[in-house]
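Chemist: Next come the chains, spelled out residue by residue.
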Amino acid sequence: MSKLGLPPVITRAPSRLRRGPRNAEQMFPGSSGKSRFGNLFGKMPWLTKLCFLWLILVVLAAALADLIPGLADPNYQGFVFGDGKTNEGPTASHWLGTDNVSRDILARLIYGARVSLIFAFSLAAIGIIVGGTLGSIAGYFRGLLETFLMALVDTWLSFPALIGLVFITTMLGMRNLVVLVLVGAVFIWPSYTRIARATALSVSGQAFVTAARAIGTSRKRILVREIFPNVLPALLAYSLVGLPILIILESTLSFLGLGVEIPTASWGGMINQARQDLLINIWPAVWPAVTLFMTVYSFNNLADWVRTQAAARSAAI
Amino acid sequence: MAVSEEPTYTSTSSESMGGSEILRVEDLHTSFFLPIGELQAVRGVSFSLKRGRSLGIVGESGSGKSVLARSIMCLNLGSNVKTSGSAFFDGRDLLSLSRREMRRLWGTEIAMIFQDPMTSLNPMVKIGRQVIEHLRQHKNVNRREAKQTALDLLNEVRIPEAESRIDRLPHELSGGMRQRVSIASALACEPSLLFADEPTTALDVTVQHQILNLLSREQRQRNMTMVMVTHDLGVIAGRTDDTLVMYAGKVVEQASTDEIFEKTQHPYTEALMRSIPRTTHASHTPLAAITGRPPVATHLPAGCAFSPRCPYVQPKCHEEDPPLVSIGTSGHKSACWYPVGSDANREAFERNLSDRLPQTLAVAESLDADQSSGIPAGLPDGGIA
Amino acid sequence: MSKMLAIRLMRLVVTVIVVSFVTFVGTNVLPGDPVNALIPIDAQQDREFVEQIREEWGLNDPMVVRYGRWLGDAVQGDLGRSLVTGQPVTDEITHRLPITFELMAVAVGFSLLIAVPLGAFTGYREGRRSDRLISGLAQAGLSLPVFVTGLILIYVFALRLHWFPAVGWNRLSDGLGPNLKSVALPALSLAITEIAVYTRVLRSDMIATLKENYILSARAKGLTDRFILFRHGLRPSLLTLVTVVGLNIGFLIGGSLVIEYLFAIPGLGKRLFSAIQQRDFMMVQAITVLITVFYVIVNTATDLVYMVVDPRIRRTN
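Residue numbers (our numbering), protein chains in the order written: chain A, 10 to 326; chain B, -19 to 365; chain C, 4 to 320.
Please keep in mind that the hints were generated in silico from the structure rather than gathered at the bench.
Check the hints yourself; a few may be wrong.
[Said to hold, decoys possible] Label pairs and their in silico Cβ distance ranges:
id, chain 1, residue 1, chain 2, residue 2, range
1, C, Ser133, A, Arg316, 13 to 23 Å
2, C, Leu12, A, Ser211, 46 to 56 Å
3, C, Lys184, B, Arg80, 39 to 49 Å
4, A, Phe157, C, Thr246, 19 to 29 Å
5, C, Lys184, A, Arg316, 33 to 43 Å
6, C, Thr97, A, Val250, 31 to 41 Å
7, B, Glu299, C, Arg315, 54 to 64 Å
8, A, Leu154, B, His151, 31 to 41 Å
9, C, Thr246, A, Leu153, 43 to 53 Å
10, C, Gln55, A, Val250, 52 to 62 Å
11, C, Ala211, A, Leu153, 33 to 43 Å
[Unchecked claim] 30 Å max Cα-Cα, derived BS3-like pairs, lysine-lysine:
id, chain 1, residue 1, chain 2, residue 2
12, C, Lys214, B, Lys106
13, B, Lys106, B, Lys119
14, B, Lys127, C, Lys214
15, B, Lys62, A, Lys52
16, B, Lys62, C, Lys214
17, B, Lys119, C, Lys214
Note that the Cβ used here is the ideal one computed from N, Cα and C, for glycine as well.
Take these sequences, add in the hints, and give me the full structure.
Modeler: Listed below in structure tokens is the structure:
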């Protein structure tokens, strides 16, 4: 505290990312010297722990699908070659059985995870980069640009994304994962932009920004060094909430037959294919539905936990 | 902390009502269990109060005075709060009553006025309704009778043009008017005990005076018992019969209000008095604020809780917590090893001064200022009132 | 008040023009020729015939001219003719609109009926067992994609129990009973997600409201908990819910497209879906614009409801 009784001038952004806590002790005072991750994981309720482990399992399986020994080819139709049956129950070679064209369900689940996760994570990344940049600029520079951009965002958001996606993917005719992500990007940026702009607006009113300006930092530098790093946590938090929604979106598109082109495996596509034969064999629909639910639920549960943690910490400070 | 068996107040001051005991609090403890640990907000408070008298509870924010008032009223809601001890109201222990029994007392026998009238009135409900709903909850009256009573009450608390204001929303009234509405609502069912929790803190200085006078007048006219919680000694000076000074969840001094001002015993009370602005001071005289901060209730210092900030602090203070003991025969009690005015106190002060203890130096500085303006230390001249 | 409505009206007009123009451009820029919708592939060998048709439908004019012509007609209430059936688009829309509208209205109404008491109750019992149970269920409900909910309901209540029809639609004119039977499962599928969302929103607002001082002072007056909860707690907590209901209409429109596809309901969503696949651009254009108008109107209505809920806003206007 200075002699004048004024609060100390804050000249540095309190960004956790730029000057993040060095160790667990700083982040969670009173904790032991265990690693930060061990600490975080230890604090989770058991259900959140399970969710977290499930997500790790899904991510690993999707990433290493090609390396899993003994995993069947997801597109191999055994009955065509005379060495498999359709609608088979669990066997030693097909742990979860086969679907109505005798493909291995487990393999399709794992390769389907790949589609879901790549779609969701890529779109979140695009949202953060594009929306974060546009929103930060709009929120910090203000002016006509902001008015125009935000009017555009509002208009954009008043159009249901799913219908737009259905429209464009149908029109395009070809639908590989890259195309799907690019089409999704058309609809993902406005919401991120809106959040980034609101955060940038509040950040730019704070003392450390004024301080940076007072010592003659250029506006561009302030934007890059002070505004954006402080907008980022808000966007990351939003992404965590957004990931399950994106996974649902991808599976819904696939369910409508507008996701990745068949025969590429996807959870929504598997459910769509299995739904004709629900009364004959329900399992080809149950497995992807359960996997989809568990993954989305895990993301939601984890996001809720992170939110309560953040709220508790800001309340404690 | 010792539990006093004898009545705590043998009044020596002003009009003696000589009434029966209406409230007796015994060894009251309240703790909040937070993620960072147990927060002991109230640590063994005992006092008693006679019908028709008024008591001021004084302390800094965080001293536990508001929590004490709410604990007595059983209004510390939340699953992480634990209250022990007892609070006898008319012979019944409030702390052991069921919620349903308590609800019958709330508003009818015991009422409370809160600090900020902006937040203690529902911003979306017309002010008239907020008085009426109270009446209709407890009294068997129809809508029209309730409205008439509400109007009478609003007139009584001197809200001009009550007839037209009764249908206003809280934000359409000024702060003082809103607090008058709160008072009218609290008085609606003629409670015998009224808690006023910092009733004027959120108000303008000029309005504070009016509200305090209104409260005093109502208290006298209705022969109501009143507990006034405040951080400002100036608010209770000349208004309440008795005073209880709290620090870090404990009572550090209790006496009749006159005696507290005349024969201050505890260094903390003395410090509080020094922080009252005086009208006789030159306008730029620095206020003698109390050095340091109130302790964090999860990490209390060993010994006397005030020791880290006390200008008379001695090694003994860090080791042993002084008990609340009677001084003289007038019911004056204080918890200090080196009470103000004693020889030991003067010696301690000299010793600390020569050790150049910061809080002692600060006090010496303000004493110099007082002497130069010719006013003896420790005596307020009416405070802000 | 009237100023707000004027601004809203202006925004509605701008939004409709922008969205219809973008859709129009989209149909022209993206691959897919409307001629495919007009003439069967084998007839397209006849170049002269194709040219004649193009001329007849005005497909050879510049895009802007065609858009201007469409907009001029649309203002007069003529949305053109379907490229596939040749019927006026407006006829088909007025025929199908009530179905979709009923579906959504029942879904939202039912959701609110369940979610408002649930949200208020869980907020009141925060942290207790009943709250943890209901909040956990809400989290799970949030993680169920609409088509999965729909499939589960179809499997259990239509295929197994035979209580409701699995597919199809009975209009209100076919009698109230059959109509309700056909609306039950689709509306419930949509409602599960909405109930989860609404409950969570109201719960968190309720928790915040119940911490307000006026709740404490109401309690100190000896009012009953139920009175405090509904008289003092509910109204201030409804504001966010009102906004969320408005914003969620977008999701609901997308959801009803999926549900109409799944339950084979002849509503607008299903028609839009098939129109996109048939490259019936007139129909796509009309339905898209209709959806946008609907969305903006709902959000304006949301603001009006806001005023009803919050008397402070009403008074200052």
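Chemist: Look at each hint and say if it fits the structure.
Modeler: Results for each hint:
1. In this structure the supplied range 13 to 23 Å holds for Ser133/C paired with Arg316/A, their Cβ-Cβ distance being about 22 Å.
2. In this structure the supplied range 46 to 56 Å is violated for Leu12/C paired with Ser211/A, their Cβ-Cβ distance being about 31 Å.
3. At roughly 46 Å, the beta carbons of Lys184/C and Arg80/B sit within the given window of 39 to 49 Å.
4. About 24 Å separates the C-beta atoms of Phe157/A and Thr246/C, a value consistent with the hinted range of 19 to 29 Å.
5. For the hinted restraint 33 to 43 Å between Lys184/C and Arg316/A, the CB-CB distance of approximately 41 Å keeps it satisfied.
6. With their beta carbons about 39 Å apart, Thr97/C and Val250/A fall inside the hinted range of 31 to 41 Å.
7. Between Glu299/B and Arg315/C the C-beta distance comes to about 57 Å, which sits within the given range of 54 to 64 Å.
8. At about 36 Å, the beta-carbon gap between Leu154/A and His151/B stays in the expected band of 31 to 41 Å.
9. For the pair Thr246/C and Leu153/A, the beta carbons lie near 28 Å from each other, so the given range of 43 to 53 Å is not met.
10. Separated by about 55 Å at the C-beta atoms, Gln55/C and Val250/A satisfy the suggested range of 52 to 62 Å.
11. Judged by the Cβ atoms, the range 33 to 43 Å given for Ala211/C and Leu153/A holds: they are separated by roughly 37 Å.
12. Restraint check for Lys214/C and Lys106/B: the C-alpha separation of about 20 Å stays at or below 30 Å, so the hint holds.
13. Only pairs whose Cα atoms come within 30 Å are accepted, and Lys106/B paired with Lys119/B is accepted, the gap being roughly 20 Å.
14. Between the alpha carbons of Lys127/B and Lys214/C the distance comes to roughly 29 Å, so the proposed pair stays at or under 30 Å and holds.
15. Simply put, Lys62/B and Lys52/A have alpha-carbon atoms about 25 Å apart, close enough for the 30 Å limit, and the pair holds.
16. With a CA separation close to 18 Å, the supplied pair Lys62/B and Lys214/C stays within the 30 Å bound.
17. Note on Lys119/B and Lys214/C: the hinted pairing holds, with a Cα-Cα distance of about 27 Å set against a maximum of 30 Å.
Violated hints for the displayed structure, listed by number in ascending order: 2 and 9.
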